[in-house]
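With these hints in hand, go ahead and build the complete structure from the sequences.
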Amino acid sequence: MKYLSELKSGITFKVEQIEGGYNMHMRLADLGLIKGEQAKVLSNDKKGPLLIMLRHTRIALGRHMAQKIGVSVIEDNSNCRPA
Amino acid sequence: MKTIAIVGQPNCGKSTIFNFLTGMSQTVGNWPGVTVEKKTGKMEISNENAEIIDLPGVYSLSPISNDEKVTRDFLLDNTPDLMINVVEGPTMERGLFLTLQLLMTGIPTIVVINMQDVLKKHFIEVDIERIKYLLGCKVIVVSGRTGMNLEYLKSEIKQFFSEDFVLRGKHIPIPHNDRFYSILNSLSSVLATTGKFGKMSSFYALKLLEGNEDIEQRAKSILENEYNTVLNNFQSHSKEHKSIEVIDWLYGIARGIYGDTVKEPSTQRISRTEALDFFLLNRIAALPAFLLTMLFLFFLTYYFGNMLSHMLGLGISAIVSLIPGNGFVSMLISDGIIGGVGNVLILLPYIFIMFLLIQFLEDSGYMARIAFIMDRFMHSLGLHGRSFIPLIMGFGCSVPAVMAARTLDTPQNRLKTILMIPFIPCSARLPVIVLISSAIFGRSAPFMIFFLYVISIITAIISGLIFSKTALKDKSEGMIMELPDYRLPQLKNLFMRAWSQSKEYLVKAGTIIFAISIILFVLSYFPTDVEGGFIHIAGKYIRPFFKPLGFDIPMTVSLITGFFAKESIISTLSVLYQTSAMPLSDYLTLHWNAGAGFIFMVFVMIYIPCIATVAVIRKETNSNKWTLISVVYSLLAAYAISMIFRVLLLLLHV
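Here the protein sequences line up with chains A and B, keeping their order. With the first letter of the first sequence counted as 1, position 46 gets the number 397 in the working numbering; the numbers rise by one all the way through. With the first letter of the second sequence counted as 1, position 533 gets the number 520 in the working numbering; the numbers rise by one all the way through.
Honestly, the hints are just simulated from the structure, not real lab data. Note that beta-carbon positions come from the ideal geometry of N, C-alpha and C, so glycine has one too. There may be inaccurate statements among the hints.
What the hints assert, rightly or not - Think about it this way: if two alpha-carbon atoms lie no more than 20 Å apart in a straight line, the pair counts; the simulated SDA-like pairs of lysine to any residue are:
(1) A:K398 with B:S367
(2) A:K397 with B:I467
(3) A:K365 with B:D235
(4) A:K386 with B:S367
(5) A:K419 with B:E232
(6) A:K365 with B:I240
(7) B:K250 with A:G387
(8) A:K398 with B:K25
(9) B:K25 with B:I51
(10) B:K456 with A:H415
(11) A:K391 with B:E261
(12) A:K365 with B:Y245
(13) A:K398 with B:Y245
Said to hold, decoys possible - Non-contacting residues of chain A with respect to chain B, defined by C-beta distances greater than 12 Å in every case (computed):
(14) K353
(15) E357
(16) N374
(17) S394
(18) I403
(19) G421
(20) V424
(21) D427
As the list claims (entries may be wrong) - Just a few of them, taken from the derived set where beta-carbon distance is under 8 Å, the chain A residues facing chain B:
(22) G361
(23) V366
(24) Q368
(25) E370
(26) L382
(27) G383
(28) K386
(29) P400
(30) T408
(31) M416
Put into structure tokens, the structure is as follows:
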């Protein structure tokens, strides 16, 4: 299982599972990050928080959280420059 | 009076709609007991005034923050006659997540889908009729920015009250074989049969299944003895479920409705936000851009602040000069009251501008970027990105800095940040150390001042780390934050918020300082045969504690007065050294040992900032315990660190 924290920027992924308690689920759901949703990694420098684009929302996600979100890769555009 | 509540997720554009409906009649205040902003206004409906309340933005009705608690509690306790649910068009899927919960409360609702102009720009189409059917309530598409359909919304609201027809037609349509739905339904019916939940049985059922403790408490107090029987009744019908399942289930419905009613094109054009973020969140450009922004803000604050403050100062001096005589009463008025209150008023321009600029950062969307950029750095200090701004504000004045800590998400973060702020050297301490440093260090004064700043900041950081590791261990899981689209804030909103916060500062700091100024003045005036009065006598008794640090009586006394306002330190020293013959700085140059002076300044930098700060810490934390901890801790820290330097200097025979 790949985790969100491992994905490079430019990758579009789908949320497969969220390892965490009720609180974490709720906070993620508040912003729309829930099992089955797709999003794109905008920035991940392997150290600080990640930036992802979920539908029309930009979300900053702490690294610890990202390490608990299991994902599958949908599209890998990590080597393309932004349009 | 009829009440209308506006509810929606953060950044959905509620304020614009609220402004439109209430016009100039708005007031901004605080919800009682919490430091959450309360916005109310009036709207005329059939020759009567209806009250409109703009509830704090929430993502869902399972409160995590104070904002969300306020909103949820309001809906349950002060049930409005009508609810206007503003949904941000582009993020409608998660907006519906909230909408569904709102509809379950049974409160009549008009769903307003906002930002139609953005939807149009992105070629997103919404099937209004279908949504109306699925949600079972009135749905209107508007654009707060262009004004589209806002008048229509107004007329719909009026129509609701005049016809009094039921907008809440049917329950959310769900396939009947949905396992969770049958569980929800059965609990809901069980609650409904008790007759004690009004229209809200579905809502209570949903939250009870989620395992929400607040709702459990409420249900217990509503049902009292019946609670256990009701639950047993329910258990016998239900099958097992997990609370997490509730979230997934509800979101699934939102997603279903969204998928059924909204059509999006597959490609998107680059938005203004994306373009701006390309620079502002750029790995290379982000930090410089941020530093430039902060620098710019500081300059604005000091330039305009100075200007306004100066004018205020002139005004105050003019008033003081009008007071005749030298007797007790006139001195009380001029030195005590006006002098004391003047200290507060002088800061007001800076404070107002600071709040204005901070609000601008928040509303424009850039604040979230700051938190994001600073997060990693803040983590190494045991903090979070959002703590950055309140801490920076501490360099100006601790009082608004503590107030700014409201925006932090968890109580631990908020408390941690608030406890660190007193150690950040505020601008009131600066004149004191500048004067003393120039007097005793001469040319090396700037370096010593810088060194003092560094000591303070390090103390702040270490304190933060200590608190992080002990009493305030962080239970939160980390940052989850939306970075909203950039937008130009509405000037009227900015001014209103800044003014309401400044008023708070004025009242809080002002009343305390007003009272203290009088007390202080009286205590230093009487007995008249002792220079410095009672305060001096008190100083004599306290001095033994400070003798080990090398402080004499005037220094000790000035620390006491400095507790009330840092500027008093200079005036107290002046008075007690009886330096009418020469300026204080000359006296210090002649009589003070540089080492002793340095230790004194270390103490001044670290001990409690001022009584106004203590007052605002008490208000924001709502806890006597933590306020006391803050005061005692800062005193101990100041003493300990001063002692370290004292020992160091003694060892070096300075």
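Hints versus structure:
no.	hint	verdict
1	A:K398 with B:S367	holds, 12 Å
2	A:K397 with B:I467	holds, 17 Å
3	A:K365 with B:D235	holds, 15 Å
4	A:K386 with B:S367	violated, 31 Å
5	A:K419 with B:E232	holds, 18 Å
6	A:K365 with B:I240	holds, 19 Å
7	B:K250 with A:G387	holds, 19 Å
8	A:K398 with B:K25	violated, 38 Å
9	B:K25 with B:I51	holds, 18 Å
10	B:K456 with A:H415	holds, 18 Å
11	A:K391 with B:E261	holds, 14 Å
12	A:K365 with B:Y245	holds, 18 Å
13	A:K398 with B:Y245	violated, 35 Å
14	K353	holds, 19 Å
15	E357	holds, 17 Å
16	N374	violated, 7 Å
17	S394	violated, 7 Å
18	I403	violated, 10 Å
19	G421	holds, 15 Å
20	V424	holds, 19 Å
21	D427	holds, 18 Å
22	G361	violated, 14 Å
23	V366	violated, 11 Å
24	Q368	violated, 11 Å
25	E370	violated, 11 Å
26	L382	holds, 6 Å
27	G383	holds, 4 Å
28	K386	holds, 6 Å
29	P400	holds, 5 Å
30	T408	holds, 5 Å
31	M416	holds, 5 Å
Violated hints, in rising order: 4, 8, 13, 16, 17, 18, 22, 23, 24 and 25; the structure is consistent with all others.
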